[in-house]
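Here are the chains, one letter per residue:
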Amino acid sequence: GIQVEQSPPDLILQEGANSTLRCNFSDSVNNLQWFHQNPWGQLINLFYIPSGTKQNGRLSATTVATERYSLLYISSSQTTDSGVYFCAVDPGGYQKVTFGTGTKLQVIP
Amino acid sequence: NAGVTQTPKFRVLKTGQSMTLLCAQDMNHEYMYWYRQDPGMGLRLIHYSVGEGTTAKGEVPDGYNVSRLKKQNFLLGLESAAPSQTSVYFCASSYTKGTQYFGPGTRLLVL
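The listed protein sequences derive, respectively, from chains Z and E.
Heads up, the first sequence is in the numbering used here, so the first residue is 21 and it goes up one at a time.
Heads up, the second sequence is in the numbering used here, so the first residue is 753 and it goes up one at a time.
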């Protein structure tokens with residue numbers, strides 16, 4: 021099956037810093053999503069981004085499908101950004117989704 | 753709208769017992785999914801459904817069964833629980849393509 025690798029696995033930031041999270045995938049995909057799992061376990065969808073660039077406030081994402089990677093940018097990080105960020109891909113278009121192992125982010129005051 | 757809800761929130765089972773996890777969504781979504789999340793890992797797809805009356809296997813279907821008798825509900829069954837099924841179970845739903853919306857999760861401990 022498709023392989024999804026995320027980097028870095030762990031990241032500690034000072035509040036206010038910027039960061040870039042990366043997701044590499046081993047095959048072409050029909051869709052790609054970024055999720056945030058907060059410290060209480062709730063999963064929140066951030067972006068549905070099979071290609072191109074999207075922005076939502078301090079967060080933005082870019083997917084370059086031809087090169088099989090996606091980037092999640094977090095600017096001016098806040099402590100509430102802490103948690104685990106997951107990339108999830110669907111190679112076949114049937115929503116049979118494969119998740120990466122995540123990037124654990126800790127933002128310290 | 754309640755979104756996606758899961759019942760129960762937490763359960764302890766003994767090996768060999770059976771149970772059913774209920775997922776309900778009020779967004780009229782066609783697709784529904786069951787995932788499990790183990791420590792330090794991402795989510796793995798157990799089963800999914802592309803519409804009422806349909807189900808399909810995901811990445812880790814063994815030991816689980818599902819049913820989608822009503823569009824708004826997706827049930828996950830464990831016929832004979834094993835300690836390896838200790839995990840956090842998440843349900844999600846979506847339109848045919850696009851954003852998946854997740855429930856709050858069910859913590860299951862099998863002794």
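Derived by calculation from the structure, the hints in this document are not laboratory data.
Check the hints yourself; a few may be wrong.
[What the hints assert, rightly or not] Facing chain Z, according to a computed beta carbon distance under 10 Å, are these residues of chain E, among others: (1) Y785; (2) G794; (3) L795; (4) Y800; (5) A808; (6) G810; (7) E811; (8) G815; (9) V840; (10) T851; (11) L860.
[What the hints assert, rightly or not] Ranges between beta-carbon positions, derived for each pair: (12) E:G850 with Z:G21: 40 to 50 Å; (13) Z:I64 with E:G803: 19 to 29 Å; (14) E:D790 with Z:S27: 14 to 24 Å.
In this text, a Cβ means the ideal position worked out from N, Cα and C, and glycines have one as well.
Would you list, in rising numerical order, the hints stated earlier that this structure does not obey?
Of the numbered hints, 8, 11, 12 do not hold.
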